[in-house]
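Chains as they are written, first to last, in the numbering used here: chain A, 158 to 304; chain B, 158 to 304; chain C, 676 to 752; chain D, 676 to 752.
Since the hints were derived computationally from the structure, they do not count as laboratory data.
If you're wondering where the values come from, they're calculated on a predicted model, not measured in any experiment.
Incorrect hints may have been included.
Across the chosen pairs, the derived CB separations fall in these ranges [as the list claims (entries may be wrong)]:
1. D:714 to B:284: 49 to 59 Å
2. D:738 to A:303: 53 to 63 Å
3. C:688 to B:279: 42 to 52 Å
4. A:204 to B:249: 24 to 34 Å
5. A:182 to C:704: 48 to 58 Å
6. A:268 to D:704: 34 to 44 Å
7. B:236 to D:709: 37 to 47 Å
8. B:236 to C:696: 55 to 65 Å
The list that follows gives simulated cross-link-like pairs (lysine-lysine, DSSO-like), each with its CA atoms no further than 30 Å apart [unchecked claim]:
9. C:728 to A:290
10. B:296 to D:723
11. B:282 to D:707
12. A:162 to C:728
13. A:225 to A:282
14. B:252 to D:721
15. B:304 to B:187
16. A:252 to C:721
17. A:225 to C:723
18. A:162 to A:187
19. C:728 to C:716
20. A:296 to A:282
21. A:208 to C:721
22. A:268 to B:290
23. B:290 to D:716
24. D:694 to D:738
25. B:162 to B:187
26. A:208 to B:296
27. B:225 to D:738
28. C:716 to A:290
29. A:282 to C:721
30. A:225 to C:728
31. A:304 to A:268
32. B:162 to B:282
33. B:252 to B:161
34. D:694 to D:721
35. B:225 to B:268
36. B:304 to D:723
37. D:716 to B:296
38. A:252 to A:296
39. D:694 to D:723
The C-beta atom is built at its ideal place from N, Cα and C for all residues, glycine as well.
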Amino acid sequence: MSEKKIRNIFIEGAISPSFIADSIAGHSSKTTIGGHSIFMGQVRNDEVDGKLVTAIEYTAYEDLALEKMHEIREEIFARYPLHCMHVHHSLGNIKTGEICLFVFTSAAHRKPAIDACTEIVERIKAELPIWGKEIFDNKTHQWKENK
Amino acid sequence: MSEKKIRNIFIEGAISPSFIADSIAGHSSKTTIGGHSIFMGQVRNDEVDGKLVTAIEYTAYEDLALEKMHEIREEIFARYPLHCMHVHHSLGNIKTGEICLFVFTSAAHRKPAIDACTEIVERIKAELPIWGKEIFDNKTHQWKENK
Amino acid sequence: MEIQLISFGKISEFMESQKMEIPDMSNTDELKTYLEQCFPKLVGMKYKLALNKNMVQTSQELKNNDTIAIMPPFSGG
Amino acid sequence: MEIQLISFGKISEFMESQKMEIPDMSNTDELKTYLEQCFPKLVGMKYKLALNKNMVQTSQELKNNDTIAIMPPFSGG
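Just chain A, with the same shape it has in the complex (with noise of 0.2 Å):
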């Protein structure tokens, strides 16, 4: 069997702009990349029936999720010429404008690090056990689907 580095893509609370900073500036000294890409989600205050999405809180089933997260980044690895990929995904309560979920790829040419960036967030979205329940400005909540 092979070995299995199971990475933890969990942070406590929102992605602040300067962890996605520090994660751009540590690229510096990779000097066969040529680009990178990079998706951030963002919590909407979304309107439903007249109220307001002050936050989404996240949960997930963790074990299951890092597992899952391994092999998606195994067959990325596998199809795509990647220099590395970094996902990073937000757990609790995160409020309309902070970032929730942090996708970055680098490859030697564009083209591969914005397909599979792309890829990427298709499947966390599709295939990742992680729950939102979008909470309102009259503190009820409702939960989220992806579609």
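Since chain A is already given, all that's left is putting chains B, C and D on it; use the hints.
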């Protein structure tokens, strides 16, 4: 005739991670945004006939490039439901590992943000009168050509 | 037999995570039928099971002390 | 007639930006032929012209004091 607001996309020197972080942070008050897509171009230390690229020196026909970028911006906004889009391109000497292109799109949903970002990058490379001169470690150079 | 039930998302609002004594049964399809009797709100809901941290695609054999997660549609990202 | 020539990229290495006195001619196609005579290195190179900051797709009318940019293939990004 409609009024034209030509924005400058050019930055003298490399684009710093902290510049990018500030740009990201500036969007947290825009709570109708749900997805951000970013592309960053980084200077690679390619090897050509045994010589290593140490930097790329960028020049541009600035007036024409800004006119053309304005056209691209208008077309992208007409076709994708974007909240905003930011484009920055370096001029001058950019060392390997440094960032020379930063494209940042934001929308309520991920798909328009991602698709618009990808299209903008392709069009910048194909349509903007910008030239990159690859400087080798032995002080010789060669002019880049986008494929 | 006994199973460890873990529930998530909106399902966790009417079905708490719990150790649960259930009649002997042999696979996860039978368990689904049983759970829908115990928790009628499950009927008509979309959900997936995971057995000992593996997603259940087709019915799996069920053993004493297995861990079963009940998961409504995902909404990460 | 006189034109203002602006050159970029590798073309700027053998053709400096300059005010240039040229024989009277009526369009940019004629100008290309003329420039390729003056600067033989242009022959066989891929390049585009811009006339007064507008990309030239098909031949354009040329007037006294026009500004002509000569641009090799782009390589931004």
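* Keeping to a limit of 30 Å between CA atoms, is the pair of residue 728 (chain C) and residue 716 (chain C) held or broken? -> Measuring from Cα to Cα gives roughly 24 Å; hence the hint holds.
* Whether the CB-CB distance between residue 688 (chain C) and residue 279 (chain B) falls inside 42 to 52 Å -> Holds: the Cβ-Cβ distance is about 46 Å, inside 42 to 52 Å.
* Given hint residue 723 (chain D) paired with residue 304 (chain B) - CA-CA distance at most 30 Å -> Holds: residue 304 (chain B) and residue 723 (chain D) sit about 16 Å apart, inside 30 Å.
* To do: Please work out if residue 290 (chain B) and residue 716 (chain D) have their alpha carbons no farther apart than 30 Å.
  => Roughly 19 Å separates the two Cα atoms, so the pair holds.
* **Hint consistency between residue 304 (chain A) and residue 268 (chain A) [alpha-carbon to alpha-carbon, up to 30 Å]** => Holds: residue 304 (chain A) and residue 268 (chain A) sit about 26 Å apart, inside 30 Å.
* **Given pair status - residue 161 (chain B), residue 252 (chain B), alpha carbons within 30 Å** => violated, 34 Å
* With a cut-off of 30 Å on the C-alpha distance, tell me whether residue 225 (chain A) and residue 728 (chain C) pass. => Holds. Residue 225 (chain A) to residue 728 (chain C) sits at ~10 Å (cutoff 30 Å).
* **Pairwise hint evaluation, residue 738 (chain D) against residue 225 (chain B), where the allowed Cα distance is 30 Å at most** => holds, 23 Å
* Sort out whether residue 723 (chain D) lies within 30 Å of residue 694 (chain D), counting only the CA atoms. => Judged against 30 Å, a Cα distance of about 19 Å means the pair holds.
* For the pair we were handed, residue 162 (chain A) and residue 187 (chain A), check the Cα-Cα distance against 30 Å. => The given pair, whose Cα atoms are some 22 Å apart, holds under the 30 Å limit.
* Assess, step by step, whether the Cα of residue 296 (chain A) is no farther than 30 Å from the Cα of residue 282 (chain A), and give holds or violated. => The given pair, whose Cα atoms are some 26 Å apart, holds under the 30 Å limit.
* **30 Å Cα cutoff - pair residue 225 (chain B), residue 268 (chain B)** => Cα-Cα ~25 Å, so holds.
When each numbered hint is compared with the structure, violations occur for hints 1, 4, 15, 26 and 33.
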